[in-house]
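**Student:** Sequence:
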Amino acid sequence: MICELGTSIAKAGCRECDRQTLEEIMRETRQVLHLLNARAAS
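Heads up: the sequence shown begins at 1 in my numbering, then just goes up one per residue.
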């Protein structure tokens, strides 16, 4: 689910980016979503 959310957020926010920039956005988004998920679980 986190991967799907990260991909959706990156694609929605940056339709004109090159692949490398899009991958960086997706990586950062996944990190934030994992952090939020961990905090919600604790």
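These are computed hints drawn from the structure, not numbers from a lab. Model, not experiment: these values are computed from the prediction. Even glycine gets a Cβ: it sits at the ideal position worked out from N, Cα and C. Honestly, I wouldn't trust all of these hints.
Label-pair ranges, simulated between beta-carbon atoms [unchecked claim]: (1) 42 - 4: 21 to 31 Å; (2) 20 - 42: 14 to 24 Å; (3) 12 - 37: 16 to 26 Å; (4) 40 - 8: 16 to 26 Å.
**Student:** Of all the hints numbered above, which does this structure not satisfy? Sort the numbers upward.
**Tutor:** 2
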